[in-house]
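Engineer: Line by line, the protein sequences give chains A and B.
For the first sequence, numbering that gives the first Met the number 0 begins at 0 and goes up steadily by one.
For the second sequence, numbering that gives the first Met the number 0 begins at 0 and goes up steadily by one.
One should not assume that every hint holds.
As the list claims (entries may be wrong) - Short, incomplete list of chain B residues facing chain A, as computed with Cβ under 7 Å:
no., residue
1, Q82
2, H86
3, R162
4, T252
5, P273
Unchecked claim - Straight-line alpha carbon distances no greater than 30 Å define the calculated DSSO-like cross-link-like pairs of lysine-lysine that follow:
no., chain 1, residue 1, chain 2, residue 2
6, B, K210, A, K308
7, B, K190, A, K308
8, B, K17, B, K5
9, B, K5, A, K122
10, B, K210, A, K122
11, B, K317, B, K17
12, B, K190, B, K17
What the hints contain is simulated information worked out from the structure, not anything from laboratory work.
Remember, predicted model here, so these are calculated numbers, not experimental data.
Note that beta-carbon positions come from the ideal geometry of N, C-alpha and C, so glycine has one too.
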Amino acid sequence: MSEEQTLAVEVSAIERLTPLVKHFTLSPVGGGSMPAFSGGSHIVVVMRAGAHSDARRGGARVHRNPYSLLSSPHELDAYQIGVRRMEESRGGSHFMHDQVTVGTRLEIAHPVNLFPLDKIARKHVLIAGGIGITPFMAQLEDLHQGRVPYELHYCVRSPEHAAFLPRLREREGGRVHVYYDSEGQAIDFDRLLSDQPLGTHVYVCGPAGMIDRVTATAQSWGWPDSHIHWEQFSAPPVGDAFDVFLARSNMRVHVPPDQSLMESIEAAGVEVPYLCRGGVCGFCQTRVLELDGEIVHNDHYLAEADRGKFIMPCVSRARCKSLVLDL
Amino acid sequence: MSAVFKPHETFRDDFTFKNSPHAIRRFPLPFAEDEYMYSVNIEPHTPGPCGSVLEFAFDVDEHYVAECRERALVLAAEPLRYQALPHMMSAQWDCLELIMESLARDYPEHFSLTKRGNRWRWINRPLNIDQSFVFGDTASLPREPLDFITRQTQGDFVVMDQREGDLWTEAGMVTTQADWSLDFDIGMTFKEWHGPVPLAHELGVFDRALKYLLNLRLGQPVRRLNWTMTVHPRLDTSPENYPMWGPDRATVTAQNAGDLVHLRVELQGLWRLPRSNGILFGIRCYLISVRELATIPKWGRRVHRALKALHPALVDYKGLSRYRDAVVAWLAPYDDGSPTTPGAGPD
């Protein structure tokens, strides 16, 4: 199965929502409509940076970053995504912010949903931190039309960082609760999660610390794991350079500090199956055949017992003398 | 090639169902080798050779009209063969869209779909249906969307919801099944639903299949073949009606096996659904008598060998214990011991 079945889109509008977040509208090249999707889905945007911008590697560099769809699943003339400029970027978010203009053509992979709403929930509690609001924007479009009660708790740094607040206030009114760090406001997770009706599901998307606190608090109040949902796409962290040997391809690949293992393998011409590129879905799980050193596991997928036997090349790296993978 | 429908053939009572020579040659034989064993034999559901059952997403063949009439007969007697839990409505519309778009694109001589925004018009010429409706508005159709469209499609359909890292059987149209019941299985998880299958659990087949399906991608459907055997060309072998068809198995002899016994092959397709994030599981049943099979010399040898060497647990699970030996004996004269060419297709 080819993982590179992509859709061609053209950037038809760009709006700066906050100092760090830009909003992009992606329209199908040649008209028509985009494929239908469900709230919570993400797409992977394939960015082919021009050769001149990356001359030291002597060729075009390809970024593939996942972004949640935040447009309404009921309006398919275009997709919308929100991109936060990451401070320590390997280049993807900087490319979107600095290189992409109205009219730029991009390729995207079909939507994948790793963060769906539970269809038999009696109530939904949505908790967003910062740019983590994006998957909820599309889900709210469905919730808005349904009969199941819901509430949204949205934490941001300060009023100027509240990217989607006007749109949320207009549509959702009193079901939106906003918390500004700058004013010392914070969600009281104990209060929120200790008093919800049976059958409530909680969803959290935001920084790792927030996800950990929500899941730990919910568990401490006896919530079943099946009712706790979270999504966090780790951007592949930067790190030390290392070399990897691909046993089946019989090929040595160098992984520079600012490129992920998966990106380096792809640049060498070897295809790695993926869905999320964020350490969540498990699709790129790869067997480690030999290791002299240690793996830096940055994923949210591998069980403790499997760490070391496997690696998720989308986000994880190694500090090692040698690493041999079953690829 | 567009099929010529045989609207009057039957799958019950006088069993007038037969395959034309064209239908025999395109039959999806599930035996790629002389020995058969389970595997997770899933492959991308990409268009196959022109004229084959894999050419299009949903195959419409010469039995189309007769199979739709058979389905209506079953539903009239047992309405619970169609069921959908309330939270599956968006998945129902996904299914209707997928099937209507596929049929209209692949068989424009038989079906057409025109859209003006949410106002859709569906024309099914073989069944003489012309229906205008509003996509998403259940009240604008005479039946629920899944019920409406699967009454016009060959094969059974199950719709699964994805949650809690599992797939839940929560809607379906099941009238051409190999001895399983939607009414019994509705609401089950993937492994509960497949509980009765022998050997495969131990081989880890369902762990791998579930993991694979949870990551099934939009626009990249997959398929596999499964098979069993049935006495008479009877589409509806349901557990509820076991007394009507079970005893037939005691009537098979080495003399009549070629005409009574049919190979029953399921072409199973799996599609990710866009709005609901559910999965549509299509189970299309193809029937062929052992005598029809043996008209292809390679298949006479191949099926004889595959049945003869079949694992005892599979013989039992597939319900063949009473008559497998009779079929093997009937086919023996068609197997001269010469090698078969690779692959399942006729020479």
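Engineer: Could you run down the list of hints and mark each one as holding or not?
Structural biologist: A quick look at each hint next to the structure:
1. Q82: Where the cut-off is 7 Å and the nearest Cβ of chain A is about 16 Å from Q82/B, the hint is violated.
2. H86: holds, 4 Å
3. R162: Holds, because the Cβ-Cβ distance from R162/B to chain A comes to roughly 5 Å (cut-off 7 Å).
4. T252: violated, 47 Å
5. P273: holds, 4 Å
6. K210/B with K308/A: holds, 19 Å
7. K190/B with K308/A: Holds, at roughly 27 Å.
8. K17/B with K5/B: Distance of about 9 Å is within 30 Å: holds.
9. K5/B with K122/A: violated, 52 Å
10. K210/B with K122/A: holds, 28 Å
11. K317/B with K17/B: Since the Cα atoms of K317/B and K17/B sit roughly 23 Å apart, the hinted pair holds (cutoff 30 Å).
12. K190/B with K17/B: violated, 36 Å
Hint compliance for this structure: hints 1, 4, 9 and 12 are broken, all remaining hints hold.
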